[in-house]
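Enquirer: Below, each chain spelled out in residue letters.
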Amino acid sequence: MKKILAIASISLRTTLRSKVVLSLVVILLMVIIGLPLSIKSDATISGEVQILVIYTLGIVIAILSIATLWAGCAAISSEVAERQIHLVVSKPVTRFQILLGKWVGLVVLNAALLCVSGVAVYGLLRWNTRATQLTGDELRQLNEEILVARTRIGPQIPDVDVEARKMADDWMKAPNFPPNATRAEAIDEARKMILAKAFSVPPGATITWKFDLPTRLREDHPLHIRYKFASSRMEITTIPGTWIVGGPERRQTIIDRNDTSEGFHTIRVQDPVASPDGSLEISFRNTTEERPVAIYFPPQDGISLFVYTGGFEFNLLRTLLILLLHLSFLSAVGVVAGSLFSLPTAAFTALYLVVLLKFIPYIESMAARESFMSGPGQPGGQIFDVFLILFYRGMQLLVSPLKSPNPLDSLGIGENVPWSWVGSVFAVKVLLYGGAIALIGRLLFYRRELGLPS
Amino acid sequence: MMEKSDELVVEAVGLTKVFRDFWHRPKVKALTDLDLTVREGEVFGLLGPNGSGKSTTIKLILGLLHPTRGRLRVLQHSPRDVKTKRKIGYLPEESYLYPYLTGQETLEFYGKLFDLNGRERKQRIDQLLEMIGLKHARNRVVGEFSKGMARRIGLAQALINDPELVILDEPTSGLDPLGTRQVKNLIVDLKKAKKTVILSSHLLSDVEDVCDRVAILYGGRLRITGSVHELLEEQNRYRVTLPELSPDTLKSVLGMLREALQDEPDVDHPRVSLEKLFLEVVEKAQTTGDDSGVTHAENVAEFLGRTQEEKSGVRLETLVVKEPAAGSEPSTEIEEQTEPEKPSDVLDEESRKAADGKLKDLLPGPSDD
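Chains P and A, in that order, give the protein sequences.
FYI, my numbering numbers position 135 of the first sequence as 135, with every residue one higher than the one before it.
FYI, my numbering numbers position 253 of the second sequence as 253, with every residue one higher than the one before it.
Don't read these hints as lab results, they were simulated from the structure.
Backbone N, C-alpha and C fix where the C-beta goes; we use that ideal spot for every residue, glycine too.
Careful: at least some of the hints might be erroneous.
Said to hold, decoys possible - With a cut-off of at most 27 Å between alpha-carbon atoms, the simulated DSS-like pairs for lysine-lysine come out as follows:
no.: 1; chain 1: P; residue 1: K2; chain 2: A; residue 2: K87
no.: 2; chain 1: A; residue 1: K135; chain 2: A; residue 2: K191
no.: 3; chain 1: A; residue 1: K83; chain 2: P; residue 2: K2
Claimed, not checked - Here's a subset of chain A near chain P, in silico, CB distances under 10 Å, partners left out:
no.: 4; residue: G154
no.: 5; residue: A158
no.: 6; residue: N161
Using the sequences and the accompanying hints, generate a full structural model.
Expert: Take a look at the structure:
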């Protein structure tokens, strides 16, 4: 351990004294202070906070990601080029210890830079949203909806599998069923259709969702219903509707609204009364009788309930931890690439891997396809199909676990970033993938001859 | 005589190294069928012109390169074994240090890689900095050092683990004559402490001064190996060094020699080496209190100047290499730490001129032939 820490500390000192860190800190602070001034928000307090949290911290992470990859790639490759590695390798140090030492150095550096950025963003956030600057409503919204950690609860989704299978089987019997489509695709399509119907509200109709409330509900904090919808008539943008919170046999809160079909809306509910089973019923009545419009709530995120869980500060900390874990993964990629190749080659290799991560949704959509080329009159298309299907499915298997939502999106809307999220990112990105990369790196770096003439 | 393998610090049999290109095609054969042994406690010189395979051999010994063919054992283990490296000290051809670290931090770092505890590390660093004459510059970053100062720090890092095998690649490169002398003294001292030294150098006089055995490589092949004494001694010739003689005595001695040899003997005045003259001038200057960037240092770090048997309690000693008479082996002796010895054979300019005049009178000049 002493050797790993010694290598880590040397990397840190070298980076600190070479002024790289200083210039990076200056750039980060310029972004943190300058970006909110240069981007125009929607003049709401939530818009202002989102710029600071989502965009500013997002750019900070983008800069740190690039810097981390570069520094990771340079950590060993520059020592190989300058031959300082000759002295290190001639000491009783394993190659794995060298890799780990360089990685630990980068992780500590990233932790420090994230800490500086986090403190700067938090300070600016508190300064920009100080009580004297805001109206009473804005202050309440800030304290109840943004600078908090709230758990998002989705509605109970009806089990539609049996119905979806039956519908798919009926489709397959129809003469116009596409010949290339599979039963799985048909079931998936049927499921989407059933759910879409279940989340649609025709004029004059009422839809009711059930939400399972947490057992330890803080009654001193209100609940928030967050929703968005689409209307069947594009020209009508403002839709009237009535929200009813609480079941018919309980005390109900009735709220009439006129909302646009753009963006999310929030309804604050104080002291809701849950059913004896711990669930809360929320209904929406479509009151567009005069100008009838059907309304559709997307099942994925069309309606959610937000329940207070904790304070903003720890939420920010957990978010920064997830981002640090992501940077740690990038550090591992960079360090291992730099241990195998010269700096430009290592940088391009590492960059390729990162670009690959950005294309995970595309890879997944390609992997879901059953055919690429084959069709009537295309000889050899089947072989090409098999190759592409295997390629994309292999890629999907390899990179899909790395797909994870951006915690900044949650932080910006006051949504809780739970410890379980931190744990899962740690398990996947650091232990599983970081570990695999480290083991591959160890094997290949051990075999590398570091004394080759340049 | 067969050598016991446990006495062999380095044992190479049929060692071959071929460098390959990106497509794995053979590009350069850097070393071919090298058979080499380095014995415990000897100073072994590795000689050869550029591209002869010296550095390749050293890199193979350090595990920086892998042999293409052949067998290589270092301290009875594979050169890539981490345990082997614990006992090796290496000074590369260039210093390859971290330019942003201070001299002290550099030694701290390498000390930690040897798992030395804090107290031991500090003691050794203090002694090493004293030894290499850079105690005053311990907090300066290495990037600001002159080549010679960086070389000294490089030397210190190579010795911080009190190694059994010290590999020095061009150790005197970049050093002034004073530093060169100190390094040579150090090598002799390491030998005294029963350490094995492999020395690679282009400066043949350095090698000749300190090495017990040498190997000469050319074109990746071993051309000759043996003890310096055996290789350099001319068995059928003699050199006689006499004190100052009166012209008559000298004339009669030369007459006797001419008569006995039936030939003209080579006679001249012994000359002091330029290195020795330089050291004398510097030593004189140092007595005035002036100093260059590197302080004068002769003391060998205490932890290095000890054999395994002596490590229980030793006094600080100064090793002085006695200038060898031409043709003889260098000899060493230990003295108490006193003023540096002044060479007795340094002549002042006037007496040298006078002596030269006397010889001219006695010896037949080129015009006489």
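Enquirer: Does K2/P sit within 27 Å of K83/A, going by the straight-line distance between their CA atoms?
Expert: holds, 16 Å
Enquirer: For the hint on A158/A, just tell me whether its beta-carbon gets within less than 10 Å of chain P.
Expert: The hint holds - A158/A has a Cβ within 10 Å of chain P, the shortest such distance being about 9 Å.
Enquirer: CA of K2/P to CA of K87/A, is that 27 Å or under?
Expert: holds, 18 Å
Enquirer: Below or equal to 27 Å on CA atoms is what counts here, so check K135/A against K191/A.
Expert: holds, 25 Å
Enquirer: Have a go at the N161/A hint: is there a Cβ in chain P nearer than 10 Å to its own Cβ?
Expert: holds, 8 Å
Enquirer: Next item in the hint list is G154/A. Is there a CB on chain P closer than 10 Å to its CB?
Expert: Hint holds; G154/A Cβ to chain P Cβ min 8 Å, cut 10 Å.
Consistency with the previously given hints is maintained throughout, with no hint failing.
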